[in-house]
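One line per chain: the protein sequences are A and B, in this order. Mapping of the first sequence onto my numbering: position 67 corresponds to residue 623, and the numbering continues sequentially without gaps. Mapping of the second sequence onto my numbering: position 405 corresponds to residue 597, and the numbering continues sequentially without gaps.
Any given hint could turn out to be false.
[Unchecked claim] In silico DSS-like links for lysine-lysine, alpha-carbon gap of 30 Å or less:
id	chain 1	residue 1	chain 2	residue 2
1	B	Lys492	B	Lys559
2	A	Lys688	B	Lys298
3	B	Lys408	A	Lys680
4	B	Lys475	A	Lys616
5	B	Lys204	B	Lys377
6	B	Lys564	B	Lys241
7	B	Lys208	B	Lys278
8	B	Lys204	B	Lys298
9	A	Lys688	B	Lys408
10	A	Lys688	B	Lys307
11	B	Lys208	A	Lys593
12	B	Lys217	B	Lys564
13	B	Lys204	A	Lys688
14	B	Lys424	A	Lys680
[Unchecked claim] Stretch-level coverage of chain B by chain A, calculated; a stretch enters the list once three of its residues show a Cβ under 8 Å from a Cβ in chain A:
id	segment
15	465-473
16	476-487
Rather than coming from a laboratory, the hints here were simulated on the basis of the structure. Note that the coordinates shown come from a computational prediction; the quantities given were computed from them, not determined experimentally. From the three backbone atoms N, C-alpha and C, an ideal C-beta is built for every residue, glycine too.
Here is how the chains run, residue by residue.
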Amino acid sequence: MIKYDINKIRNSKNINFRPRLKMDIMKNIENMITTMKARVEREIPDTGYFRNFAENFENKDSKIFGKYVALSVEKDEMIDGEALLKISVLHPNLPVDASSLLVAGSRKKILDYMNKENFIDEVKTSILELSKSLRESNL
Amino acid sequence: MSILNSAKVIAKYCTKPEQYILVNKTRFNLGDTNVSLVFNKDFDILNGKLVDDKLAEIGTTALQLEKDFVQKFPGAKKEVKDIFEKLDTVESFSFRPKSAGSMETKLEREFIAGKPFNSFSDAKELVRDGIGSRIFLKSLPELSSNELKKMLNEFRLNGEELSKQDKKILYKYVYDYPMSLEEKKKGFPIFEKFVEPLIQKQSQQVVDEISLSIVKNSMIKKGLSIEDVRAKGMLSDVLIERLQKEDIKPLEFDLVNNYRGEFGLPVFTNAQLQQIEKASGAKLKIISRPDLLDYDKYPKEYIEKMQKSIRQSGYRTAQGNVIHKNGVRGEFQFRDLYTNDFAEYEHIAYDLRMGKNTLGELFNDYKREISKLSDNEYSKYTQYLSECYNYYNRKSIGLPTHKPKLPKGFNKILSEENMKNLHDLNEKRIKELNKNFVPSFVQVA
């Protein structure tokens with residue numbers, strides 16, 4: 557059997573170990589939005605009851621004060637067939653989150669909003685603002 | 193030459209009876225608000241405390257901020273009254289500018305945490321809310337057994353009748369009968385939906401006024417027209433009609449906290465929060481507990497692990513951060529008077545446990561008993577306090593309820609009744625001390 561001494565390999569000048577790159581947060585946001593668009597299309601009916609739903613990713617970016625980021629859809633409790641699309645950031649240590657509304661309306665209105673050119677940037681800006689609110693909340 | 197380098201006199205300034213802060217008397221007397229403080233952990237901390245020199249600069253700024261808030265206080269108070277006083281679901285108000293003592297504590301904490309302030313306005317930004325306003329909601333009359341029966345018979349969850357088992361649990365919730373933890377967890381979302389009409393009856397007028405004032409502010413600041421408000425779905429048709437007919441006062445809201453404990457009802461329902469969110473748009477941030485939602489926003493197992501770290505006493509209030517017309521930041525709190533009375537002394541246990549010891553000798557026996565509790569016992573005790581919150585909350589919305597008993601094995605000193613008694617005695621004592629008290633410098637160091 558061949559035995560490898562990992563330290564010898566690490567110290568070898570010929571082999572460079574690259575630190576694992578953190579997944580780019582924009583990539584995470586893009587993935588979350590793509591999945592959410594499909595769910596909005598599929599799960600918000602024209603009328604009647606539907607279950608609220610969300611998509612999230614774990615945050616590894618130290619600039620953001622938060623453990624998870626989520627996009628969620630909540631049924632509008634006052635208008636049938638309408639929903640609220642919200643963005644939220646979960647506190648790093650507590651079961652408390654900060655959220656803000658992105659758009660409210662019918663399935664079509666929400667999808668049109670999500671298809672806007674600058675939607676990803678808007679989500680990113682909201683995440684940074686929510687992270688700031690959580691940090692300043694002194695919880 | 194900077195004022196910091198001129199002949200500096202550090203003095204004690206008595207802000208309240210038995211409470212003082214350190215102040216740079218020279219800067220204070222000159223009325224100089226310029227300050228630039230940078231934290232250096234190698235020089236600024238001595239024996240675990242911030243050095244007097246820096247503390248005095250922080251104290252001076254806190255005192256100057258207090259002066260500024262006191263000046264702006266009447267305007268802010270009038271603004272709140274103009275919006276909410278006309279409502280018949282509002283019982284009363286209480287107002288207070290933030291005290292120099294509490295600002296000094298906050299600025300010191302932020303300073304040590306690496307947030308130095310380079311100007312008076314920086315310090316103001318760190319303090320955030322300068323004026324606190326409490327808006328007390330009227331309690332609802334106790335529901336008769338016929339009214340409860342009618343509500344139970346007519347209740348539908350998402351348009352459907354409840355199963356026999358769910359009906360049984362809801363019945364237990366409504367009449368405050370003992371339940372297993374499993375029943376409690378299963379039945380709470382149903383119970384919450386059941387009581388929504390009661391919560392709305394108590395707070396809907398307030399939520400409507402908040403929504404109208406927020407929209408009015410957006411119309412003024414962003415130049416929105418009534419047509420824009422309608423097209424964006426910011427308000428219901430009924431409220432748009434009011435917006436057109438009435439003289440609505442504008443108000444800028446930027447944060448809402450809807451605090452509640454486990455199995456505790458919120459001050460604002462989810463539908464009401466949605467109403468405020470739609471009126472505000474993306475600018476408003478809502479702080480709430482995702483573990484109490486009816487869906488999983490984040491991984492369930494992760495949230496369950498985190499639940500253990502939250503303050504478990506069941507603290508219940510709806511809070512909003514506002515910017516008053518005169519520029520001062522304020523904090524609104526909405527709650528009923530029963531809950532407010534309990535909240536006045538409920539935090540004592542938590543503060544003592546967290547090492548904050550600002551209570552007088554009156555509380556010595558209580559302090560001793562709290563410090564003796566193991567973590568498990570303390571958790572059981574906070575569970576009891578949380579049940580007390582739920583008891584007062586149920587009373588305020590007219591539901592049948594039974595006062596929780598202190599769990600067996602705990603010293604009677606820890607009972608809610610005794611906490612109230614100690615609090616009342618302490619208030620009386622403070623009132624006495626305040627009779628002839630005038631804030632002033634007491635001693636030159």
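These are the hints, each one checked on the structure:
1. Lys492(B) with Lys559(B): violated (37 Å)
2. Lys688(A) with Lys298(B): Cα-Cα ~18 Å, so holds.
3. Lys408(B) with Lys680(A): Within the cut-off at roughly 28 Å; holds.
4. Lys475(B) with Lys616(A): holds (25 Å)
5. Lys204(B) with Lys377(B): violated (53 Å)
6. Lys564(B) with Lys241(B): Cα-Cα ~27 Å, so holds.
7. Lys208(B) with Lys278(B): violated (34 Å)
8. Lys204(B) with Lys298(B): holds (18 Å)
9. Lys688(A) with Lys408(B): Since the Cα atoms of Lys688(A) and Lys408(B) sit roughly 26 Å apart, the hinted pair holds (cutoff 30 Å).
10. Lys688(A) with Lys307(B): Holds: Lys688(A) and Lys307(B) sit about 14 Å apart, inside 30 Å.
11. Lys208(B) with Lys593(A): violated (57 Å)
12. Lys217(B) with Lys564(B): Violated: Lys217(B) and Lys564(B) sit about 43 Å apart, past 30 Å.
13. Lys204(B) with Lys688(A): violated (35 Å)
14. Lys424(B) with Lys680(A): Status holds; Cα separation ~23 Å.
15. 465-473: Holds, because 6 residues of the segment 465-473 of chain B bring their Cβ atoms closer than 8 Å to Cβ atoms of chain A.
16. 476-487: With 11 residues close enough to chain A, the hint holds.
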